[in-house]
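Now that you have both chains on their own, put them together as the hints suggest.
Note that the protein sequences, when read in sequence, are chains A and B. Under the working numbering, think of the first position of the first sequence as 1, with each following residue one higher. Under the working numbering, think of the first position of the second sequence as 1001, with each following residue one higher.
Among the hints, erroneous ones may be present.
Unchecked claim - Derived PhoX-like pairs: lysine-lysine, alpha-carbon spacing no greater than 20 Å straight-line: (1) A:K202 to A:K146; (2) A:K103 to B:K1186; (3) A:K91 to A:K103; (4) A:K210 to B:K1221; (5) A:K91 to B:K1203; (6) A:K152 to A:K202; (7) B:K1114 to B:K1126; (8) B:K1205 to A:K91; (9) A:K103 to B:K1221; (10) B:K1225 to A:K210; (11) B:K1013 to B:K1118; (12) B:K1225 to B:K1186; (13) A:K3 to A:K31.
Said to hold, decoys possible - Taking CB as the label site, the calculated pair distances span: (14) A:G169 to B:P1350: 34 to 42 Å; (15) B:K1225 to A:K202: 24 to 32 Å; (16) B:R1196 to A:A112: 28 to 36 Å; (17) A:Q63 to B:P1350: 29 to 37 Å; (18) B:T1157 to A:Q136: 46 to 54 Å; (19) A:R106 to B:R1121: 49 to 57 Å.
None of these hints come from the bench; they were simulated from the model. Just so you know, even glycine gets a beta-carbon here, dropped at the ideal spot from N, CA and C.
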Amino acid sequence: MNKEEILIIEDEPQIRKLLEINLESQGYKVKQASTAAMGLQMAANHPPDLILLDIGLPDMNGQDLLVELKNWFNQSVIILSVLDNEEEIVKALDNGAGDYVTKPFRTNELLARIRACLNRNKVEDNKTILSFQELQLDLLARTVTKDNENVKLTATEYKLLMLFAKNAGRVLTHQFILKEIWGVGFQSDTQYLRVFVGTLRKKIEQNPNKPQHILTESGVGYRFV
Amino acid sequence: MAISFVSKSPLLKRYQIPLSVFIVIGVSIALFYSVPLWGYRVPALVLLMVVSLFGLVFDIVTVVLSCLLSALIWNFFFIPPLFTFHIANGEDGLMFFMYFIMALVHSLLSFKIKEAEKIQRDKEDKESTIKLYNTLLNSLSHELKTPIAAIIGAVDTIQHNEMNLSEKNKLALINEIRIAGWRLNKEVENLLNMSRLESGSIKLKIDWADINEVVNMVLEKLEDKLGKHIIIFQPDDAIPLIKIDSILIEQVLYNLVNNALLYTPAGTSISISASVQNEICELVISDNGPGFPEAARAKAFNMFYRQPHHKTGGSGLGLSIAKGFVEAHQGTIMLLSNEGEGATFTIQIPVATSYIKNLNNE
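Extracted from the complex, chain B is given alone in its bound form (with noise of 0.2 Å):
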């Protein structure tokens, strides 16, 4: 924890020499009065423990040059004769070239264990980077040009084969078309839009809403995805006007209920509240699907991700965005789900509100 402690903090980092210099020469003082209860060799081995320790979190300058300073001063202080740098003895010359030795080792080691972890780290960050990329332009690549493909390939079919082809499957081909392309746009509206998020450029267009009328404009959106699925929502005539950028919030709930089309079996129900409570706005919107298992719950939000293992089309961008836009309302988006029971989003959004429905005498 001490590497990263260091070169996460600039200040530590900046004043690393002062205050090594500092730590030796009090260690030192404190030593130099303790002389008399064991003797002038044991202040070494502590001089040498604070040294080695230095090791672990200060640069390889700072610990040389402490290990430098800290010989000097036992040399200095406390090898006799004291306040000379002339050693009488040649067992304490040994022991003063033997410290000398020690310390210097001892500090590059840990040097070069710092090094080691360092590049190991960097390795991992660019691996994951790699990782990330590769499975974003996977991700991109499959689903732009299945679309692309699908176009391409009917038109051909329509441009070489119009001979053989029934006016019932040339039809059904321009079909195809028509849904490559709009699917293509949507992708394509996904990138524009994570890219502004990530780039930070999302300015909020904050106006008065009427959150039953947003929710409204999404189902009536997706009444052509809605298939067999059932839609629970009870607009609730009381609630106040909100101030939202409501554009952003029908993208939001717009992708969390196409979600839930798009995972949840045929028949199923999904439903949608809309509550204003003190100030905030509550959004919930839950299905009786297959839910997230807990795997999926963790990643479900992130760039990108998919849950294994299932065919429906999507580039995994539909939370990360919503989770986004929400976040650039200073909000906040649950997700509440166990395998086998439904999924539950809670979107909490802080609004400004306004009660003047019932304006009839006007």
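Isolated chain A (complex conformation) (with noise of 0.2 Å):
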């Protein structure tokens, strides 16, 4: 198998010891870079895979490299942030990060988003039928089935489930949704994306005060898996 490159641009050496000795347990090659302007250089003189940047570099602002960053390179950038602060997380899905993990994360959540960013860097959009546990969509008929059984979902809930489906394990921010589904303008309009996600949650999840598909990331946006 071909091994898939990871570069963590990570000042504190701790953590880059044990992302290292993770990751490689799990197959995966792994480049270090300590500072800002290293990752930079490394990232450009052999593009990796993937990247996993802490946002509270010493030398550069971690949002203007991740600006940097996706100006050039393609693949997903995961983000390390210290700062439960999730006004900064937001930001930097917004610039372009693939996904965040806030430390101290736990290591099979980050083994998860990583695993979720490469394979969306490969999925191609040619699936036909979705499928998550006992949830079936298809895509070309336009139903959902639940065990089975069809569910009946209004057509601004089919489109919101349409965006979950395609980016499955990928947390989406309130405002990418709104601006998805009710286009640009409406992106303040939480309460109406709160409505549809809890009708959506009622029609969809074994239990909607437990829900197992779409996972509320608090203060950031959703997550459906």
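Printed below as a string of structure tokens:
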């Protein structure tokens, strides 16, 4: 199997070591940079398949670095952030980050994010049936079934579910979803989004009070799994 | 009371000299016209009394000035020959001298008492600050060092005792490290939140939120800690969306439910309810635990306060953070509890509401 390469841009040696051991044990090839300048250089010389970027680097603002990277780097960048600061996270996602984890992170969670991002880079858009455990979405017939039973959705609910499903595993910010579903100008109408997520959960979740598909990322957005 | 009255009223403090001159002159004029009634010696006693009272209220400079002024006035307007500073009779001369000394001694004494009181007060303030600081340090060092000790101890054991450890024990130690790490994380988070509150740098990020979802998120986060507790929460589907900082309110609910889990025996129930009426969101968390004795009830929201004789870990910050976050929403948090009869926390927050809950036709 071709080893996927991950570049870690992180100034804390302890975290780099931890990530290195973890990622190598999963079969990834790991490269490390301790500064933003070094990271940019390494990414430019030999573009990796994915970058793990610490947003709090000493030599450059992480958001600026992200914007610069995203100018030419087409693969996913996952943000590592100590700041439990949702605004910063939302900004990074809007700046093109593929996903984020906050320190301290659970290793399993980080690995799942990495896998989702790497798969996203590969997945082609020609699948017509998407499955999520008991849920099945037929893109051609435009039908949704739960445990093989048809689920009746309104047009907006269907659009929302499609958006979630096509971005499965990925966190979508409120702003992004609002723009995709309702268009520019509705980005502040989060109440509609809350309502639709609520009704959608009632229809597709086994227990809407304990959602297993549409997960809330407090202050950031939703993640569909 | 008069003492603190002056020290707390800057206006009165600034104008105390004109005010005291005004009072002395006013009283003197009244006395001047009353001379036919009781002669010219009684006014000296009245003036002496006025100056003595000044000693309780005003600064030393003002009092000495009033003392001089009243002595001169008495001499000039009351002691014959009138309208001169000359004193004709030896008896009056002695009285004038005694008046002056008495007024001066009196004002100096009251000034000294005031000084002593101030020193005492400062000392008490300082002592209570030191006491708070000590409580803080004790609590902090205990709360932070316990998990650190657990981590270092467990790692040492694994490193140096590798051979003698069973696989099961090794896993148990690793689990201890995990628990200690998350506990440390929680403590640091609490401290950061507290310092954000204390420095006044909390900025609310108000947005529409489904309060049922907020409660569900809290319960999900606490799932590992629920143990044998029974959680009662009936989400009301008809509840409107409300505008709050859902992350902060989530934290408030987390702290309250977490406390209930820590302080009530297994098998008891904790009930949570959320309702919205007249643009007020009310959240009620009640338990069947031991409740709060009266002394603890008053201090429950104080920073670093922990009920004595409880072994449960915690920095004593949970409730003060909850209170701070609720108050940042202009809301109130109340604790109703009797010893042995459980505890009920009621939160009320003024909110904007939206009832566009069912858009089925879109």
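Right, here's what the structure says about each hint:
Among the hinted pairs, A:K202 with A:K146 is consistent with the structure: their alpha-carbon atoms are about 12 Å apart, no more than 20 Å. Simply put, A:K103 and B:K1186 have alpha-carbon atoms about 12 Å apart, close enough for the 20 Å limit, and the pair holds. With a CA separation close to 17 Å, the supplied pair A:K91 and A:K103 stays within the 20 Å bound. Annotation: proposed proximity of A:K210 to B:K1221 holds, straight-line Cα distance about 11 Å (limit 20 Å).
Between A:K91 and B:K1203 the alpha-carbon distance is near 17 Å, which keeps this suggested pair within the 20 Å criterion. Using a Cα cut-off of 20 Å, the hinted pair A:K152 and A:K202 holds, with the two alpha carbons roughly 11 Å apart. Restraint check for B:K1114 and B:K1126: satisfied, since their Cα atoms lie roughly 18 Å apart, inside the 20 Å limit. Between B:K1205 and A:K91 the CA atoms are separated by roughly 15 Å; this keeps the pair inside 20 Å, and the hint holds.
Note on A:K103 and B:K1221: the hinted pairing holds, with a Cα-Cα distance of about 17 Å set against a maximum of 20 Å. A hinted pair counts as satisfied when its Cα atoms are at most 20 Å apart, and B:K1225 with A:K210 qualifies at roughly 17 Å. Using a Cα cut-off of 20 Å, the hinted pair B:K1013 and B:K1118 holds, with the two alpha carbons roughly 16 Å apart. For the proposed pair B:K1225 and B:K1186, the alpha carbon gap of about 14 Å is at most 20 Å, so the pair holds.
For the given pair, A:K3 sits about 12 Å from A:K31 by alpha-carbon distance, which is consistent with the 20 Å threshold. Look at A:G169 against B:P1350: about 39 Å separates their beta carbons, and that is inside 34 to 42 Å. About 28 Å separates the C-beta atoms of B:K1225 and A:K202, a value consistent with the hinted range of 24 to 32 Å. At roughly 31 Å, the beta carbons of B:R1196 and A:A112 sit within the given window of 28 to 36 Å.
For the pair A:Q63 and B:P1350, the supplied restraint of 29 to 37 Å holds, since their beta-carbon distance comes to about 35 Å. Here the CB-CB span from B:T1157 to A:Q136 is close to 50 Å, well matched to the stated 46 to 54 Å. Checked against the hint of 49 to 57 Å, the pair A:R106 and B:R1121 passes, with Cβ atoms roughly 52 Å apart.
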